[in-house]
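Based on the hints, put chain B in the right spot on chain A.
There are 2 protein chains.
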Amino acid sequence: MSTKAVHIGVIGLGTVGTGTVRILQENADTIRRRVGVPVLIKAMADLDTKKDRGLQLSGISLTTDAHEVIKDPAIDIVVELIGGYRPAKEFILEAFKHKKHVVTANKALLAVHGEELYIAAESAGVSIGFEAAVAGGIPILRSLRDGLAANDIASIFGIVNGTCNYILTMMTSEGRQFEEVISEAQARGYAEADPTFDIDGVDSAHKLAILTMLAFGTPVPFDDIYTEGISRITPLDIDFAGELGYKIKLLAITKMVDGEVEARVHPTMLPASYPIATVDGVYNALSVVGDAVGSTLFSGRGVGDMPTGSAVVGDIMDISRDILAGCAGRIPVTAFRERAVLPVRKMDDITSCYYLRFSAIDKPGVMSRISGVLGKNNISISSVIQKDRRVAEAVPVVMMTHEAVERDVRTALAEIDKLDCVAGSTMVIRVEEGKQG
Amino acid sequence: MSTKAVHIGVIGLGTVGTGTVRILQENADTIRRRVGVPVLIKAMADLDTKKDRGLQLSGISLTTDAHEVIKDPAIDIVVELIGGYRPAKEFILEAFKHKKHVVTANKALLAVHGEELYIAAESAGVSIGFEAAVAGGIPILRSLRDGLAANDIASIFGIVNGTCNYILTMMTSEGRQFEEVISEAQARGYAEADPTFDIDGVDSAHKLAILTMLAFGTPVPFDDIYTEGISRITPLDIDFAGELGYKIKLLAITKMVDGEVEARVHPTMLPASYPIATVDGVYNALSVVGDAVGSTLFSGRGVGDMPTGSAVVGDIMDISRDILAGCAGRIPVTAFRERAVLPVRKMDDITSCYYLRFSAIDKPGVMSRISGVLGKNNISISSVIQKDRRVAEAVPVVMMTHEAVERDVRTALAEIDKLDCVAGSTMVIRVEEGKQG
Numbered sequence: 001m002s003t004k005a006v007h008i009g010v011i012g013l014g015t016v017g018t019g020t021v022r023i024l025q026e027n028a029d030t031i032r033r034r035v036g037v038p039v040l041i042k043a044m045a046d047l048d049t050k051k052d053r054g055l056q057l058s059g060i061s062l063t064t065d066a067h068e069v070i071k072d073p074a075i076d077i078v079v080e081l082i083g084g085y086r087p088a089k090e091f092i093l094e095a096f097k098h099k100k101h102v103v104t105a106n107k108a109l110l111a112v113h114g115e116e117l118y119i120a121a122e123s124a125g126v127s128i129g130f131e132a133a134v135a136g137g138i139p140i141l142r143s144l145r146d147g148l149a150a151n152d153i154a155s156i157f158g159i160v161n162g163t164c165n166y167i168l169t170m171m172t173s174e175g176r177q178f179e180e181v182i183s184e185a186q187a188r189g190y191a192e193a194d195p196t197f198d199i200d201g202v203d204s205a206h207k208l209a210i211l212t213m214l215a216f217g218t219p220v221p222f223d224d225i226y227t228e229g230i231s232r233i234t235p236l237d238i239d240f241a242g243e244l245g246y247k248i249k250l251l252a253i254t255k256m257v258d259g260e261v262e263a264r265v266h267p268t269m270l271p272a273s274y275p276i277a278t279v280d281g282v283y284n285a286l287s288v289v290g291d292a293v294g295s296t297l298f299s300g301r302g303v304g305d306m307p308t309g310s311a312v313v314g315d316i317m318d319i320s321r322d323i324l325a326g327c328a329g330r331i332p333v334t335a336f337r338e339r340a341v342l343p344v345r346k347m348d349d350i351t352s353c354y355y356l357r358f359s360a361i362d363k364p365g366v367m368s369r370i371s372g373v374l375g376k377n378n379i380s381i382s383s384v385i386q387k388d389r390r391v392a393e394a395v396p397v398v399m400m401t402h403e404a405v406e407r408d409v410r411t412a413l414a415e416i417d418k419l420d421c422v423a424g425s426t427m428v429i430r431v432e433e434g435k436q437g
Numbered sequence: 001m002s003t004k005a006v007h008i009g010v011i012g013l014g015t016v017g018t019g020t021v022r023i024l025q026e027n028a029d030t031i032r033r034r035v036g037v038p039v040l041i042k043a044m045a046d047l048d049t050k051k052d053r054g055l056q057l058s059g060i061s062l063t064t065d066a067h068e069v070i071k072d073p074a075i076d077i078v079v080e081l082i083g084g085y086r087p088a089k090e091f092i093l094e095a096f097k098h099k100k101h102v103v104t105a106n107k108a109l110l111a112v113h114g115e116e117l118y119i120a121a122e123s124a125g126v127s128i129g130f131e132a133a134v135a136g137g138i139p140i141l142r143s144l145r146d147g148l149a150a151n152d153i154a155s156i157f158g159i160v161n162g163t164c165n166y167i168l169t170m171m172t173s174e175g176r177q178f179e180e181v182i183s184e185a186q187a188r189g190y191a192e193a194d195p196t197f198d199i200d201g202v203d204s205a206h207k208l209a210i211l212t213m214l215a216f217g218t219p220v221p222f223d224d225i226y227t228e229g230i231s232r233i234t235p236l237d238i239d240f241a242g243e244l245g246y247k248i249k250l251l252a253i254t255k256m257v258d259g260e261v262e263a264r265v266h267p268t269m270l271p272a273s274y275p276i277a278t279v280d281g282v283y284n285a286l287s288v289v290g291d292a293v294g295s296t297l298f299s300g301r302g303v304g305d306m307p308t309g310s311a312v313v314g315d316i317m318d319i320s321r322d323i324l325a326g327c328a329g330r331i332p333v334t335a336f337r338e339r340a341v342l343p344v345r346k347m348d349d350i351t352s353c354y355y356l357r358f359s360a361i362d363k364p365g366v367m368s369r370i371s372g373v374l375g376k377n378n379i380s381i382s383s384v385i386q387k388d389r390r391v392a393e394a395v396p397v398v399m400m401t402h403e404a405v406e407r408d409v410r411t412a413l414a415e416i417d418k419l420d421c422v423a424g425s426t427m428v429i430r431v432e433e434g435k436q437g
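These protein sequence lines map, in sequence, to chains A and B.
Using the numbering used here, you'd call the opening residue of the first sequence number 1 and step up by one each time.
Using the numbering used here, you'd call the opening residue of the second sequence number 1 and step up by one each time.
Looking at chain A on its own, in the form it has when it is part of the complex (with noise of 0.2 angstroms):
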């Protein structure tokens, strides 16, 4: 069969199909030439026919229906770019059904129906490629596939959400309170009208889900993800992290600890030093250590339409290359699915180093009672600050700990939250102290 060119259907015109379109268009000779034939865009779909988008539309046809794009028998890959469950989840096993490949850039579905998706791709002999779902324009997915496959992961440390990185890091370079910095991100575009999936560590928790059915080749059911958000944060503890050498980072983390996986997402104090903590604004940075190739670190921007739209139309480009080759389905995500399904480690059975920051009312004796209910918890410290500044009627009270079980740190927590000499309860941040990422 000689395939005179690959042709797409695009569903969901917004902010990634517009990017993905638009490379598609600028881009076609260099994507012609890598690939061997044009790569075309056949039809459009989108519920808004009429908004200018600044497309070339001559030789495309846009509706308002789905359904023709999914079942146009000339269409060989299906681009869903709705998001959303559904009918995100409908239209992708339609366009199994037919035979169609599918890219899409939809993290929150795959973080949950994944397992039923990828199945679904692989019995219908056909592709389903998510670059785009993690990471914007980092090509982690493919790196994890193929450039570091010989590798068994032991972790991937990811500052994956652009958003959260933008507010914190202009909280940090400015001294500035969460909620003024995120309605300046709302205005400039960085922060979606209702933030709640990014700030609350939700959409990086769906990132997560595929990074480790990637990386340790096991579902992760997405309940069993640990997940904090960044609207905690204070001035104050930026401060002091900053003091004692660290940079806060909301993380999504996904260890191999004693044949457990660990994944959890929070705001995370790392060495101010290591790469990773030195990317900020919207870039996103993943660091992936394996056990040949050591530690890694991916980084780039995280959001936009050309950045996303960049992976979704790299996702294109290979599929439309194991069509040329006659190799459709080439390495099916299941490939992946290695092992029975790995346990999730309970996040009680996790250990870190820990930064607490208690409230003391200035009473004598503070100090004692705090690190004798810590000692008797197994908790150790390694540092402690304690200065003159006083919020409200207490003064912070800053205690870095060595390595302690997080069940242990919470049971300490409860009683010091009670203690008479303590108002309010305490601010916990989990401190990573891992090899350079």
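Treat the hints with caution; some may be incorrect.
Just so you know, same-sequence chains aren't split out, so a pair can sit in one copy or run between any two.
Mimicking SDA-like on lysine to any residue, the simulated pairs with C-alpha atoms at most 20 angstroms apart in a straight line are [as the list claims (entries may be wrong)]:
{"#": "1", "residue 1": "LYS4", "residue 2": "PRO332"}
{"#": "2", "residue 1": "LYS387", "residue 2": "GLY175"}
{"#": "3", "residue 1": "LYS4", "residue 2": "CYS327"}
{"#": "4", "residue 1": "LYS418", "residue 2": "ASP362"}
{"#": "5", "residue 1": "LYS89", "residue 2": "VAL395"}
{"#": "6", "residue 1": "LYS346", "residue 2": "VAL405"}
{"#": "7", "residue 1": "LYS42", "residue 2": "HIS7"}
{"#": "8", "residue 1": "LYS387", "residue 2": "GLY365"}
I should point out that these hints are in silico values taken from the structure, not numbers from a laboratory.
Same frame as chain A, now just chain B:
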């Protein structure tokens, strides 16, 4: 055809060869699961068959005759890890004749004879994998071919020689001389007994030739790459760089400028806050700027048996997947020969900012004479440092320039170096003030 296993022959059991075999053996289960069938070492060749390399040898034939490996009809992939031009090139061509795929880490060979080898592989209908030839374990070539394939590449800046990066890092952190640090690097195994290729930039230029071919789809005659090493760099320059907010790195740079390709290797001053400037020690890093993805950074270990072996085995697994899917040679390297051969920009024609350190003899008017010659040659000064610090008979005067044309800088310095108020020749370091890398 149902392939039950993929069989490998390894030629050359030095550092990388040993690492490759170790990964294939130690991670055999992971590799089998991800590829779908076992990937087995059938034969190995090395001139020394007696040495104990701590490898598992049962079931593997070990010979001093590479041809036995190349001709073995049961072997699917020949891994060439002897390095150098001869007999490596003959071995690879012979392997192609026997319809074997080849994986190699031989950057010197590919930099000079790459075109011939890529064409021979395509004619034979087999693949040549060479991820390990550039930046060890970092999957940069694969990212250019696959993940970033949708992009027209604007530039690549790479720290691609771990020895030089280690030496510059030690000179920076400890204020020591080049000569002292290199002995220590040798003692620690981070520099070869004869480190000429590394410190003179030749090794970096080899890697740059390969990167440029993939990034811009044009072969670069190796001799057209401007190559300058690090041996002239002094602690004095590193100090001044630090004072001005810069770090000095040996960079391999390729850019597309007005239809010409720039390809050059030289010590470069980078703003200390750039992510690539924070990559120290034996780590490598590459900043790739694409028109869609924007600025990306990849970093990791650039040397060593296991990181480089990780890249070799990644290539073996990729080719194994092609063999299993019946699409060997799926992406010929020549697919990247996408344009007419592009001219390499002459070094005289490049523009850059410059750090100039003059050795001024303390005569009245020295500043005005130097700046007069610069001005006459269209070079404008952005900042000046003159310190009391005296080196021998002269006082160092540092000038940072705005963007200037290299030819003008050379003309100006030829004149300045003849002035009676200037002792010795002027130290020149190019300065990059690009986008965040």
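Here is how each hint holds up against the structure:
1. LYS4 / PRO332: between (25 angstroms within a copy, 18 angstroms between copies)
2. LYS387 / GLY175: within (18 angstroms within a copy, 36 angstroms between copies)
3. LYS4 / CYS327: Both. Shortest intra-copy (16 angstroms) and inter-copy (18 angstroms) distances satisfy the 20 angstroms Cα cut-off.
4. LYS418 / ASP362: within (15 angstroms within a copy, 72 angstroms between copies)
5. LYS89 / VAL395: neither (52 angstroms within a copy, 71 angstroms between copies)
6. LYS346 / VAL405: Within. Shortest intra-copy distance 11 angstroms satisfies the 20 angstroms Cα cut-off; inter-copy 61 angstroms does not.
7. LYS42 / HIS7: within (6 angstroms within a copy, 43 angstroms between copies)
8. LYS387 / GLY365: within (16 angstroms within a copy, 54 angstroms between copies)
Hint violations for this structure: number 5 only, all remaining hints satisfied.
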